[in-house]
Amino acid sequence: MQGTPRKILQAILYEAGGVLFVAPALALTYGQGLVYSTQLSLVISAVALAWNMLFNGLFEWWERRQYYRHRSWRRRLLHSLGFEGGLTLILTPVIGAWLSISLWLALITNLGLFVFFFFYSLVFQWGFDRVFDVPLSAQPDQDAASSANAP
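In terms of this note's numbering, the sequence shown is residues 106 to 256.
Take these hints with a grain of salt, some might be off.
Said to hold, decoys possible - Just the calculated beta-carbon pair ranges, DEER-fashion:
(1) Tyr-173 x Val-236: 15 to 25 Å
(2) Gly-122 x Trp-178: 18 to 28 Å
(3) Leu-159 x Phe-223: 14 to 24 Å
(4) Gly-122 x Leu-208: 37 to 47 Å
(5) Tyr-172 x Asp-238: 28 to 38 Å
(6) Gly-122 x Thr-193: 11 to 21 Å
(7) Leu-133 x Leu-208: 31 to 41 Å
(8) Gly-136 x Phe-223: 24 to 34 Å
(9) Trp-167 x Leu-139: 35 to 45 Å
(10) Tyr-172 x Val-220: 16 to 26 Å
(11) Ser-207 x Leu-114: 30 to 40 Å
Honestly, the hints are just simulated from the structure, not real lab data. Model, not experiment: these values are computed from the prediction. Ideal Cβ positions, reconstructed from N, Cα and C, are used throughout, including at glycine.
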């Protein structure tokens with residue numbers, strides 16, 4: 106699976122898994138009901154879904170322009186840091202406003218989410234690529250692969 110269908114499926118599965126983990130954690134941490142925490146998780150998920158589509162599009166654009174087109178653990182680490190770092194900047198004020206907490210506490214909360222999602226993202230992306238194969242942007246260029254195998 107490649108292109109837009111791959112991106113949509115990847116984003117939906119990623120966010121669905123995230124909501125399943127985050128809603129109960131927020132409910133326990135802030136003493137809020139599960140419904141209230143699930144609503145916040147869905148807002149976080151909607152923002153993250155939009156960011157996911159934008160970030161992955163930009164990441165794959167950059168990746169296609171690299172000489173070495175393999176999804177190494179280093180590249181996966183770069184992907185996770187970029188995605189989660191950008192999302193942290195976007196979501197901190199949202200979390201603060203929703204929970205009526207200071208931006209500092211919202212940042213601490215968001216950093217906790219960052220730590221979780223950093224590892225979740227690494228494992229999820231690896232598993233997704235194993236099931237659906239890596240995108241074309243991460244596959245070796247066929248012309249380069251052909252010339253490398255030529256006598």
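Cross-check of the supplied hints:
Range check, Tyr-173 to Val-236: Cβ separation about 24 Å, and the 15 to 25 Å hint holds. Evaluation of the 18 to 28 Å hint for Gly-122 and Trp-178 yields a pass: the beta carbon distance comes to about 21 Å. At about 19 Å, the CB distance of Leu-159 to Phe-223 agrees with the hint of 14 to 24 Å. Distance hint check: the CB atoms of Gly-122 and Leu-208 are about 27 Å apart, inconsistent with the given range 37 to 47 Å.
For the pair Tyr-172 and Asp-238, the beta carbons lie near 21 Å from each other, so the given range of 28 to 38 Å is not met. The hinted window of 11 to 21 Å between Gly-122 and Thr-193 holds, with their beta carbons roughly 18 Å apart. Range check, Leu-133 to Leu-208: about 22 Å between beta-carbon atoms, so the 31 to 41 Å window is missed. For Gly-136 and Phe-223, the hinted distance range of 24 to 34 Å is satisfied, since their beta carbons lie about 26 Å from each other.
Taking 35 to 45 Å as the suggested C-beta distance range, the pair Trp-167 and Leu-139 conforms, at roughly 39 Å. Remark: the range hint 16 to 26 Å for Tyr-172 to Val-220 is contradicted by a beta-carbon distance near 32 Å. For the pair Ser-207 and Leu-114, the supplied restraint of 30 to 40 Å holds, since their beta-carbon distance comes to about 37 Å.
Hint check: violations occur at hints 4, 5, 7 and 10; the rest are consistent with the structure.
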